[in-house]
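A.B. asks: The chain contents come next:
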Amino acid sequence: MGSEYVGPDLASGTEVKGVHHEDMMRLSFPDASFDVVITSEVLEHIPDWRAALAECARVLRPGGRAYMTFPFLRNTQETRVRAVIEAGAVRHLLPPQLHGDPVRKEGILCFQEFGWDVLDAFKAAGFGEAWAEFAFGPTHGHFGFTSPLIVAIRNA
Amino acid sequence: MLETSAMPAPIALVRAAFQSLAQFEDYLAEHGALLKANYRHVDAVLSAAPEAPQGAVQVAGTCDLCAAPTRFAVPFTTSATDGRVFRFRDARCSGCGLPQRKRQITRALMDDFPGRLPDIYIAEQVTGHYRFLAEASRGWWAASMSGPTWPAAPR
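Line by line, the protein sequences are chains A and B. Just so we're aligned: 138 in this note's numbering is position 138 of the first sequence, and the numbers increase by one with no gaps anywhere. Just so we're aligned: 1105 in this note's numbering is position 105 of the second sequence, and the numbers increase by one with no gaps anywhere.
Please note that a few of the clues may not be correct.
As the list claims (entries may be wrong) - Under 7 Å between C-beta atoms, here's a sample of chain A residues computed to sit facing chain B:
| no. | residue |
| --- | --- |
| 1 | S40 |
| 2 | C110 |
| 3 | A121 |
Claimed, not checked - Okay, derived cross-link-like pairs now, SDA-like style, lysine to any residue, Cα gap no bigger than 25 Å in a straight line:
| no. | chain 1 | residue 1 | chain 2 | residue 2 |
| --- | --- | --- | --- | --- |
| 4 | A | K105 | B | R1131 |
| 5 | A | K123 | B | D1112 |
| 6 | A | K105 | B | D1119 |
| 7 | A | K105 | B | T1078 |
| 8 | A | K105 | B | V1126 |
| 9 | A | K123 | B | D1119 |
| 10 | A | K123 | B | A1108 |
| 11 | A | K105 | B | A1108 |
Unchecked claim - A few chain B residues that don't get close to chain A, going by computed Cβ distances all over 12 Å:
| no. | residue |
| --- | --- |
| 12 | A1017 |
| 13 | P1053 |
| 14 | G1083 |
Think of the hints as simulated: they come from the structure by calculation, not from any bench. Even for Gly, the Cβ is constructed at its ideal location relative to N, Cα and C.
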């Protein structure tokens, strides 16, 4: 199962021209639907990212795994918040940073860059274990300890 | 584009997991020199990248997912403020077309779910990674894989 975030006025689970819309903060799937949840460069664009983590834990079966990548400040403990939503509007705490997006040509706002404290947030969201995994193998196309894959296991 | 002139000798892929910044720093203190030594052939290519606002360098290697020799395109940008910045996480295999971060996810899946393809929800649909996993679920990929832990037949 795959999805995109198509727009704010749609209910999760809506199909738009063959694209399945999901809001990560309110997934349409029943509890314990999947063995694996994958997000790649998604979490930094979600204002209430902790709610998204809780939703990922909810739709995973006990012992299921989340695999996530996002901008990660590998030498920093605390997550850096770049923007927040207040009274329904975006308030920028740092200069706006837009990332490329396959369904929005104008790009998509980065709300935060994560530090190591994100691992604690995974545990608070219902994951029993969480770690940052770096791949290093220059002849295999993994060139450095630049950005990790976060792996988390849903509580049994 | 610059590229490596010859296929470098393979270096084992290292997957290293850390639960804290302190663990990560200890690891780098202990193994940093070895990692840097294994990186020399890439350094040589990257340091010769052209003085351009943006571009990519091609680095020869072997893709785990393709199980075949390939070239990885490492994009870079150059600016007055940051100098030249290589986006290693977006290094794309010319075979499967996947960037580093998605190849890393897929490799972890292969290792963590030996013998069966799990039920996956992936928060993307109009991407190469989604198509790649969808094809894998239909089984053709299994036949093309030489990896020891991926399912030999579709579920």
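A.B. asks: Now, for every hint given, state plainly whether the structure supports it.
C.D. replies: Hint check:
no. : hint                : verdict
1   : S40                 : holds, 6 Å
2   : C110                : violated, 14 Å
3   : A121                : violated, 13 Å
4   : K105/A with R1131/B : holds, 21 Å
5   : K123/A with D1112/B : holds, 20 Å
6   : K105/A with D1119/B : violated, 31 Å
7   : K105/A with T1078/B : holds, 23 Å
8   : K105/A with V1126/B : holds, 14 Å
9   : K123/A with D1119/B : holds, 22 Å
10  : K123/A with A1108/B : holds, 20 Å
11  : K105/A with A1108/B : violated, 31 Å
12  : A1017               : violated, 4 Å
13  : P1053               : holds, 17 Å
14  : G1083               : holds, 16 Å
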